[in-house]
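241 is the number of the first residue of the sequence shown in this note's numbering; add one for each residue after it.
Quick caveat, the hints were computed from the structure, so don't treat them as lab data. Since we're looking at a predicted model, the values are computed, not measured. There may be inaccurate statements among the hints.
In silico lysine to aspartate or glutamate, EDC-like type, Cα no more than 16 Å apart, as pairs [to be verified]: (1) K242 / E257; (2) K242 / E281; (3) K279 / E304; (4) K255 / E288; (5) K255 / D287; (6) K279 / D299; (7) K242 / E261; (8) K279 / D303; (9) K242 / D275; (10) K255 / D275; (11) K279 / E261; (12) K242 / D287; (13) K255 / E281; (14) K279 / D310.
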Amino acid sequence: QKHGQGTFYFRNGDKYEGAWENGQKHGQGTLYYRDGGVKYEGAWVNDERHGQGTFYYIDGDTDEGALENDQTHGQGTLY
């Protein structure tokens, strides 16, 4: 069971680098999506994006804000 800091390569080609707790993404971490077009960097709770985070897109856009239960929450900033 994953616990602590580490890197995990998913079968679908995604890669996660960051904190683990009881086998789940938990704490600060970065998820690199397999298509190379999106990267999420931020907080995780119980395997879901939760708290402050930033999405980086291949076209150079950045979306920064809060997430709750894996969904955007409240106002964010797109630039």
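These are the hints, each one checked on the structure:
no.: 1; hint: K242 / E257; result: 12 Å, holds
no.: 2; hint: K242 / E281; result: 19 Å, violated
no.: 3; hint: K279 / E304; result: 12 Å, holds
no.: 4; hint: K255 / E288; result: 15 Å, holds
no.: 5; hint: K255 / D287; result: 14 Å, holds
no.: 6; hint: K279 / D299; result: 12 Å, holds
no.: 7; hint: K242 / E261; result: 7 Å, holds
no.: 8; hint: K279 / D303; result: 11 Å, holds
no.: 9; hint: K242 / D275; result: 25 Å, violated
no.: 10; hint: K255 / D275; result: 11 Å, holds
no.: 11; hint: K279 / E261; result: 21 Å, violated
no.: 12; hint: K242 / D287; result: 12 Å, holds
no.: 13; hint: K255 / E281; result: 12 Å, holds
no.: 14; hint: K279 / D310; result: 14 Å, holds
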